[in-house]
Amino acid sequence: MPMTITEKILAAHAGLESVRPGEIVNAKLDLVVCHEVTTPPAVAMLKKLGITKVWDPTKILVTPDHFVPNKDIQSAELTKSLRQWREEQGIERYYELGNHGICHALAPEQGHVHPGMTIICGDSHTTTMGALGAFASGVGSTDLAAGLATGELWFRVPESIRFNLEGQPPRGVYSKDIILEIIRRIGVDGARYMAMEYRGSALPYLSMEARFTITNMAIEAGGKSGIFPVDAITEAYLAERTPEKGVRYESDVDAEYAAEFFIRVDQLEPMVALPGLPSNGTSIAQAGPVKMDQVYIGSCTNGRIEDLRIAASILKGNKVAKGTRTIVVPATTTVWKQAMREGLMDIFAESGCVISTPTCGACLGGHMGVLGSDETCLSTTNRNFTGRMGHPSSNVYLASPATAAATAIAGGLADPRDYLPEDCNFTTAEQQLWGV
Amino acid sequence: MTMPTILQGCAHVYSRAHINTDEIIPARYLNVHEEAELAKHAMEDIDPDFLNKIQPGDFIVAGEDFGCGSSREHAIWALRGAGIKAVIASSYARIFFRNALNNGYLAIECPEAVAHIKNGARLELDLEGGVIHAPDSGETFTFVPLTDFAKTFLEAGGLLPYLVSRLKGGAA
Ligand code: SF4
Numbered sequence: 022m023p024m025t026i027t028e029k030i031l032a033a034h035a036g037l038e039s040v041r042p043g044e045i046v047n048a049k050l051d052l053v054v055c056h057e058v059t060t061p062p063a064v065a066m067l068k069k070l071g072i073t074k075v076w077d078p079t080k081i082l083v084t085p086d087h088f089v090p091n092k093d094i095q096s097a098e099l100t101k102s103l104r105q106w107r108e109e110q111g112i113e114r115y116y117e118l119g120n121h122g123i124c125h126a127l128a129p130e131q132g133h134v135h136p137g138m139t140i141i142c143g144d145s146h147t148t149t150m151g152a153l154g155a156f157a158s159g160v161g162s163t164d165l166a167a168g169l170a171t172g173e174l175w176f177r178v179p180e181s182i183r184f185n186l187e188g189q190p191p192r193g194v195y196s197k198d199i200i201l202e203i204i205r206r207i208g209v210d211g212a213r214y215m216a217m218e219y220r221g222s223a224l225p226y227l228s229m230e231a232r233f234t235i236t237n238m239a240i241e242a243g244g245k246s247g248i249f250p251v252d253a254i255t256e257a258y259l260a261e262r263t264p265e266k267g268v269r270y271e272s273d274v275d276a277e278y279a280a281e282f283f284i285r286v287d288q289l290e291p292m293v294a295l296p297g298l299p300s301n302g303t304s305i306a307q308a309g310p311v312k313m314d315q316v317y318i319g320s321c322t323n324g325r326i327e328d329l330r331i332a333a334s335i336l337k338g339n340k341v342a343k344g345t346r347t348i349v350v351p352a353t354t355t356v357w358k359q360a361m362r363e364g365l366m367d368i369f370a371e372s373g374c375v376i377s378t379p380t381c382g383a384c385l386g387g388h389m390g391v392l393g394s395d396e397t398c399l400s401t402t403n404r405n406f407t408g409r410m411g412h413p414s415s416n417v418y419l420a421s422p423a424t425a426a427a428t429a430i431a432g433g434l435a436d437p438r439d440y441l442p443e444d445c446n447f448t449t450a451e452q453q454l455w456g457v
Numbered sequence: 003m004t005m006p007t008i009l010q011g012c013a014h015v016y017s018r019a020h021i022n023t024d025e026i027i028p029a030r031y032l033n034v035h036e037e038a039e040l041a042k043h044a045m046e047d048i049d050p051d052f053l054n055k056i057q058p059g060d061f062i063v064a065g066e067d068f069g070c071g072s073s074r075e076h077a078i079w080a081l082r083g084a085g086i087k088a089v090i091a092s093s094y095a096r097i098f099f100r101n102a103l104n105n106g107y108l109a110i111e112c113p114e115a116v117a118h119i120k121n122g123a124r125l126e127l128d129l130e131g132g133v134i135h136a137p138d139s140g141e142t143f144t145f146v147p148l149t150d151f152a153k154t155f156l157e158a159g160g161l162l163p164y165l166v167s168r169l170k171g172g173a174a
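As given, the protein sequences belong to chains A and B, one line each in that order. The first sequence begins at 22 in the numbering used here and counts up one residue at a time. The second sequence begins at 3 in the numbering used here and counts up one residue at a time.
The set of hints was computed from the structure by calculation and includes no laboratory data. Ideal Cβ positions, reconstructed from N, Cα and C, are used throughout, including at glycine. Be aware that one or more of the hints could be misleading.
Stated by the list, open to error - Beta-carbon label-pair distances, calculated as ranges: (1) A:Glu108 - B:Asn121: 47 to 53 angstroms; (2) B:Thr7 - A:Ile45: 21 to 27 angstroms; (3) B:Asn54 - A:Lys74: 44 to 50 angstroms; (4) A:Gly119 - B:Lys55: 45 to 51 angstroms; (5) A:Ile45 - B:Gln57: 31 to 37 angstroms.
To be verified - Listed next, the stretches of chain A that the computed footprint assigns to chain B, with coverage defined by at least 3 CB atoms under 8 angstroms from CB atoms of chain B: (6) 50–61; (7) 162–174; (8) 203–216.
Here chain A stands alone, though its shape is the one from the complex (with noise of 0.2 angstroms):
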């Protein structure tokens, strides 16, 4: 039987030759990652049930990162029973303060995850792992807890959508605008309870780092996961990381689709998503003049290290305009080496922005940057919900780190291509090394 990436990644690990959209599977677990804000009641749960010991700790990634380094006694007590627990279990993969990061950013990075692995982490941005080849999928604080006791997971088989990404991105178009149109298109709930894979003459211009992001907003249309063939560019990501290889799946040309998308990447501009949700994307020529208290540059989405390039490609030179607060939060501490070893730290601090360690911070109102009442912020996060990075009447817009960057120097929103530098296009350190 015809199966896509995302069937057979599901059959292989419930055992079954072959499976089906709709039918429920009980699939085994390759990784479980673990953050202090959805871990601790999952083991508080297992403490209950008398489950004393988790079932292999050898695949289980622990890092603390919404609200570090801990913003208040009570998350201070929540990465502290994080902390312990991990002991108690033995479990190695643990990225304490200092080497910590954002989970999804983490994970890849840091090599853990590999082509046609299942994943789950009880966080909704789980799909951006999927990038990698693998499947993952957010999970709540129970199914952690399952999960973690048993190595194994119950999921309902995903009807895939298929999206065809065509043509070279034009000059200031990222993979954030890619995404935001998607979402625009088809809906904050336009592929609920689906897979995302993506396909097309757009692949070989995606680095990893874009493709984590388009996978990491796979939530936002109400995905369940979203995933990418792997190719030449994944393999060499991973080849930087880990010796493994993992299991390479493709779909079968006669596979099934729920729907199929055809989006065409080369003809699209910079994108901005308008406050509220992040299906109210525009491009950013029709989005208007609108004056920005705050810029927000980082998260699991557009913190990683070509995020920063671009941003300081942009901001270099040039000063953050006076009442546009600039935060810059790089996704990972190894993010956070490399930017300040190019030099990019520099250019930051000098433009006039604020540089935080890793955290999550403020993406979700936590710290480090929340908006006070009638706020208005452009950041380069994935969610825009009402109250989101603070004060229920505070207001986020979605775009590009380009479009961020942009956007700080000039005080309102801004079309990056008017700040790019001439010689600074779509190029990445992987499509150099690629030739692509």
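Place chain B with the ligand on chain A using the hints.
Relative to the frame of chain A, chain B with the ligand by itself:
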């Protein structure tokens, strides 16, 4: 089933689509996970008066894609802690629905009911029959009865008690 199959309570209608988990329980309260604590802030950003309006056993009636956004199970705990017995919505976001199932919490899908039920209406929910009855208006709405899969979890009190009983029972 271990829980009563007829539930009675009042409807609190939030008919908008995409009521998200940031609205059900804002992230600023995620530094705790005790149900009673979370309950104090349930729905606070969407309706500051929510807790004054509801009685234990009441229902939330909501539009499409209820519970979209974050995976925080805290959303279920906040509603359950506040005394909301079940949510009746036109449709649900995936993780919220899954969390509800896993908690043995009722998330009922019934777009017709959502389109017609008035705020404050008394409701009777017949779980076995798959019927929502509004005695004051005389209206009756049917929903797809719970699947056996969902019932297994409901009966056990959630995924974890179910797993434990299965382990104890020695079944594979
Ligand atoms: S950066 Fe934001 S979206 Fe990503 S895991 Fe943290 S809180 Fe969630």
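Consistency of the hints with the structure:
no. : hint                                    : in the structure
1   : A:Glu108 - B:Asn121: 47 to 53 angstroms : 51 angstroms, holds
2   : B:Thr7 - A:Ile45: 21 to 27 angstroms    : 24 angstroms, holds
3   : B:Asn54 - A:Lys74: 44 to 50 angstroms   : 45 angstroms, holds
4   : A:Gly119 - B:Lys55: 45 to 51 angstroms  : 47 angstroms, holds
5   : A:Ile45 - B:Gln57: 31 to 37 angstroms   : 36 angstroms, holds
6   : 50–61                                   : holds (count 3)
7   : 162–174                                 : holds (count 7)
8   : 203–216                                 : holds (count 4)
Hint compliance for this structure: every hint is met.
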